[in-house]
Amino acid sequence: MAAVVLLGGLVLLFAEGLVRNQTTVAALVDDGQQPSAPNIQLPNLFGHGTTSLTSLRGKVVLVNFWASWCNDCRTEAPLFESLQRDYAGRMTVLGVDASDFVGDGRRFAQQYRITYPLVHDTGSVLNRWVGQPSFPDTFVIDRRGRVVAYFDGAVTYANLASVLRNQLGAPA
Amino acid sequence: MSGRLRALLGLAVATAALFAAPAAALACNGWSEPSMEQQLMCPVCHERLDQSYSPVADQIRSNLFRWCAQGKTSSYVKNTLVGQFGEDVLAAPPARGFDLLAWLVPAAVLLGGAGVAGGLVLAWSRSRGGPGGPAAPGVDSELDARIDAELAGFDS
Numbered sequence: 009m010a011a012v013v014l015l016g017g018l019v020l021l022f023a024e025g026l027v028r029n030q031t032t033v034a035a036l037v038d039d040g041q042q043p044s045a046p047n048i049q050l051p052n053l054f055g056h057g058t059t060s061l062t063s064l065r066g067k068v069v070l071v072n073f074w075a076s077w078c079n080d081c082r083t084e085a086p087l088f089e090s091l092q093r094d095y096a097g098r099m100t101v102l103g104v105d106a107s108d109f110v111g112d113g114r115r116f117a118q119q120y121r122i123t124y125p126l127v128h129d130t131g132s133v134l135n136r137w138v139g140q141p142s143f144p145d146t147f148v149i150d151r152r153g154r155v156v157a158y159f160d161g162a163v164t165y166a167n168l169a170s171v172l173r174n175q176l177g178a179p180a
Numbered sequence: 002m003s004g005r006l007r008a009l010l011g012l013a014v015a016t017a018a019l020f021a022a023p024a025a026a027l028a029c030n031g032w033s034e035p036s037m038e039q040q041l042m043c044p045v046c047h048e049r050l051d052q053s054y055s056p057v058a059d060q061i062r063s064n065l066f067r068w069c070a071q072g073k074t075s076s077y078v079k080n081t082l083v084g085q086f087g088e089d090v091l092a093a094p095p096a097r098g099f100d101l102l103a104w105l106v107p108a109a110v111l112l113g114g115a116g117v118a119g120g121l122v123l124a125w126s127r128s129r130g131g132p133g134g135p136a137a138p139g140v141d142s143e144l145d146a147r148i149d150a151e152l153a154g155f156d157s
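Chains V and X are the protein sequences, given in the same order.
According to the working numbering, the first sequence is numbered sequentially starting from 9.
According to the working numbering, the second sequence is numbered sequentially starting from 2.
Calculated directly from the structure, the hints in this document are not laboratory data.
One should not assume that every hint holds.
Said to hold, decoys possible - Not everything, but these chain V residues come out facing chain X in the computed CB check (under 8 Å):
1) Ala75
2) Cys78
3) Ser107
4) Phe109
5) Ser132
6) Pro141
Stated by the list, open to error - The calculated label-pair distances, taken between Cβ atoms and stated as ranges, are:
7) Gly139/V <-> Thr74/X: 30 to 40 Å
8) Thr83/V <-> Ser75/X: 29 to 39 Å
9) Gln42/V <-> Ser75/X: 21 to 31 Å
Stated by the list, open to error - Negatives, chain V to chain X, calculated, CB over 12 Å:
10) Ala35
11) Pro46
12) His56
13) Ser63
14) Thr83
15) Gln92
16) Thr123
17) Gly131
18) Asp150
19) Arg154
20) Tyr158
21) Asp160
22) Ser170
23) Arg173
Because the structure is a prediction, the values reported are computed rather than measured.
Every residue gets a Cβ at the ideal spot worked out from N, C-alpha and C, and that includes glycine.
Kindly produce the complete structure, drawing on both the sequences and the hints.
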């Protein structure tokens, strides 16, 4: 009897792992779907309080998961800063410093003079969105809160600008 | 190298190791960097920290070095890392909630295995038929009589 319960438990754990891996936001987008973005509510990297994804609803949001130890993130930071400037008011970047020391994340943000909202994630949100992160990982969320694009690894201005043109038209 | 010299050298190395091991353990206020690395996971690549060469693992290692030099306690180190990276950074899951299964299941398997092994040993020892065991089956009396008759035929 105990053996049956044990075996059942193990099968359930295995199945849960499979389902969880297949239902990340990244997996759904890669599958051609445009799922509703799960809310993100995380502590701000600087100061107190939290920032949530729902508070940014109405704008196109670029959710960028980054870390101070990630080399490609150094290339991307100035790019996101210029996009934030070019599409001001219509689009915002939400930088999620994930799997990183808060202090290192803050130093990184100061070094690259990042002005867009930054939050810190212990890795749990990143796992739900990506599963196996490649750092950096970037999602584009439209005005209605649907995830319309996912970039696995470093992005270029041209890649993102073409998605943003579809969503917003030309930069201001 | 003579046998005596080799024995002396071996003794010296063993003595040094005996004194060096506790010193290393206490080097960081009751913990050591190698043992702490074995208790932690790389939060991104999900390998044990002492086996991971990812950038985040290097970053954690450099913090371990700093905390060691600052004399931080083992619980400070673990609590800080859990605060930054979540509980996945710990190699051993916390013994509560769903993670409690990770502790209970191996214990249950061990106990169950020990029970089965004990039962098997008991059954085996009984089947050998010691003083308290069941008597060996007797020879069929009809067969016994036939063998006697055939043996008597040889004698005559």
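Here is how each hint holds up against the structure:
no.	hint	in the structure
1	Ala75	holds, 7 Å
2	Cys78	holds, 7 Å
3	Ser107	holds, 5 Å
4	Phe109	holds, 5 Å
5	Ser132	holds, 6 Å
6	Pro141	holds, 6 Å
7	Gly139/V <-> Thr74/X: 30 to 40 Å	holds, 34 Å
8	Thr83/V <-> Ser75/X: 29 to 39 Å	holds, 38 Å
9	Gln42/V <-> Ser75/X: 21 to 31 Å	violated, 47 Å
10	Ala35	holds, 18 Å
11	Pro46	holds, 17 Å
12	His56	holds, 16 Å
13	Ser63	holds, 23 Å
14	Thr83	holds, 15 Å
15	Gln92	holds, 26 Å
16	Thr123	holds, 24 Å
17	Gly131	violated, 5 Å
18	Asp150	holds, 29 Å
19	Arg154	holds, 28 Å
20	Tyr158	holds, 18 Å
21	Asp160	holds, 14 Å
22	Ser170	holds, 29 Å
23	Arg173	holds, 33 Å
In the structure shown, a violation is registered for the earlier hints numbered 9 and 17, in ascending order.
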